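Chemist: Here's the letter readout for the chains.
Protein chains: 2
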Amino acid sequence: MDSCGKPHIWREETISSEPIFQGKIISLQVDTVTLADGRSATREIVRHPGAAAVVALLDGKLLVVEQFRKPLEKCQIEIPAGKLDGDEDPLVAAARELEEETGYKAKELKLLNAFYTSPGFADEKLYVYWATELEPGEQQLDEDEDIQVEAITLEQAEAYIAEGRISDAKTILAVYAWKLHQLTGSI
Amino acid sequence: MDSCGKPHIWREETISSEPIFQGKIISLQVDTVTLADGRSATREIVRHPGAAAVVALLDGKLLVVEQFRKPLEKCQIEIPAGKLDGDEDPLVAAARELEEETGYKAKELKLLNAFYTSPGFADEKLYVYWATELEPGEQQLDEDEDIQVEAITLEQAEAYIAEGRISDAKTILAVYAWKLHQLTGSI
Numbered sequence: 006m007d008s009c010g011k012p013h014i015w016r017e018e019t020i021s022s023e024p025i026f027q028g029k030i031i032s033l034q035v036d037t038v039t040l041a042d043g044r045s046a047t048r049e050i051v052r053h054p055g056a057a058a059v060v061a062l063l064d065g066k067l068l069v070v071e072q073f074r075k076p077l078e079k080c081q082i083e084i085p086a087g088k089l090d091g092d093e094d095p096l097v098a099a100a101r102e103l104e105e106e107t108g109y110k111a112k113e114l115k116l117l118n119a120f121y122t123s124p125g126f127a128d129e130k131l132y133v134y135w136a137t138e139l140e141p142g143e144q145q146l147d148e149d150e151d152i153q154v155e156a157i158t159l160e161q162a163e164a165y166i167a168e169g170r171i172s173d174a175k176t177i178l179a180v181y182a183w184k185l186h187q188l189t190g191s192i
Numbered sequence: 006m007d008s009c010g011k012p013h014i015w016r017e018e019t020i021s022s023e024p025i026f027q028g029k030i031i032s033l034q035v036d037t038v039t040l041a042d043g044r045s046a047t048r049e050i051v052r053h054p055g056a057a058a059v060v061a062l063l064d065g066k067l068l069v070v071e072q073f074r075k076p077l078e079k080c081q082i083e084i085p086a087g088k089l090d091g092d093e094d095p096l097v098a099a100a101r102e103l104e105e106e107t108g109y110k111a112k113e114l115k116l117l118n119a120f121y122t123s124p125g126f127a128d129e130k131l132y133v134y135w136a137t138e139l140e141p142g143e144q145q146l147d148e149d150e151d152i153q154v155e156a157i158t159l160e161q162a163e164a165y166i167a168e169g170r171i172s173d174a175k176t177i178l179a180v181y182a183w184k185l186h187q188l189t190g191s192i
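Sequences listed follow chains A and B, in order.
To convert, take the position in the first sequence, counting from 1, and add 5; that gives the working numbering.
To convert, take the position in the second sequence, counting from 1, and add 5; that gives the working numbering.
Looking at chain A on its own, in the form it has when it is part of the complex (with noise of 0.2 Å):
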C-alpha cells in the first residue's frame, strides 16, 4: 500500500480508466479506483493544460481585462491569462497573454504562486506572475477573444470584488497578494 508517505492515507490506484472525451482545450475520463476498505469507486477527472497569469502594475494601479466568461454567462473582470500551449513553459505563456491582452511587456516577470484550480475533479494547475517594469507593446487579441483592458486601484479591486464582478480565484489571489505586497513591500 503506497500511502504518500503517511501511514494512514491511501493512495487510490487506478482499475479502469474510461476515456469520456477530447476536446480543444480540455479532455474527460471516469477512473474507478480502490479504496482504503478494499471497495472501489469512480472518479470523474478533468484534464487540462495549464494556464499563465500576470499580475501587472501600471502606476500603481492594476492591469484587468473585462470578458465574458460562457460557463457563468456573464462577463468578468480578470488579471490577464491563458493556457498554456502543449507543454510551453508557464513563463512565456504569461509574457504572451500579458502583452497580447494589453498591449504591455513586462522587463521581468518573477513566479508568485502556482496552484491547482480545483483539485476534485481536475488537473488544471494556472502558475501566477508578478511583472515589473512594463512598457508599452502590442496588443493582439486571439481570433475569439473580446476583452476590454482596465487599470484599478486598490479600492476600485475590492469594489469589483464586493459587486462580484471579479469573482475568479486567481484575480482574487492577485489582490491579496497586492494588498500584502503594500503592507509588507514584499510579494
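Treat each hint with caution, since some may be false.
Same chains, same label: a pair holds when it works inside one copy or across any pair of copies.
[Claimed, not checked] Here are the simulated DSS-like pairs of lysine-lysine, each with C-alpha atoms no more than 25 Å apart in a straight line:
#1 88 - 112
#2 29 - 184
#3 115 - 184
#4 110 - 29
Hints listed in this document are in silico derivations from the structure and should not be mistaken for laboratory results.
Values in this document were obtained by computation on a predicted structure and should not be read as measured data.
Once you have looked at the hints, place chain B on chain A.
Modeler: Leaving out everything else, chain B in the frame of chain A:
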C-alpha cells in the same frame, strides 16, 4: 447585441448545446456560440454543483486535512472543504464539512469570499468561510474519504506552500487571508 453593459464586450449567444457527459459530480457540455464578428466557436463547459471550504483557526493554528487527490495523483494538504448537495446553502455545507472532516464545530461561520475556481471552462463556485470559536464535535468521514487532520502554524503553512504540499487555490487564498488578518486584525 447584449454587451454586458459595455459596448465593446460581446455576450456569446448559444447556437446549440451538446450534452457530452452526466456524472455523479460533474457534467460536461459543448456549446456552439456566436462571436462578435459573426463567426461561431465552441465552448467546452464543465458544470459543478459548487463547494464550500472553511478557514478554521484553533489556538492560532490552521486546521488542514491531508488527502490523496486522484486528478493530481498525489497527496495534498488543504483546508476542510466539500461540494454542495444539490442547492444546499453553502454555509450548511461548510459547517458539515468542517465537523465531518476535522471533528470541530464553529460557533460562527462568516463568509470570507466566494470565487469561481476556473471560469474559462467550469462554473464551479467555491464559498470560503472564516470560522470562530471552535469546539469539539464529531469527526465523520465519507465512505470514500481517507484523510489526516493537522493543525499548522502560519510558518508551517508557508513551508508547505514552498514544498508544494499545499498547492490548491482555496488553501493558498486561506493562507493569504490569515496573513492579512494577522497584519490588519480584519478579514
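Chemist: Look at each hint and say if it fits the structure.
Modeler: Each hint tested on the structure:
1. 88 - 112: Close inside one copy (21 Å), not across copies (41 Å); limit 25 Å.
2. 29 - 184: Neither: 36 Å inside a copy, 39 Å across copies.
3. 115 - 184: Result: close both inside a copy and across copies, 17 Å intra and 21 Å inter.
4. 110 - 29: neither (28 Å within a copy, 44 Å between copies)
Violation of the numbered hints given earlier is confined to hints 2 and 4; the remaining hints are satisfied by the structure.
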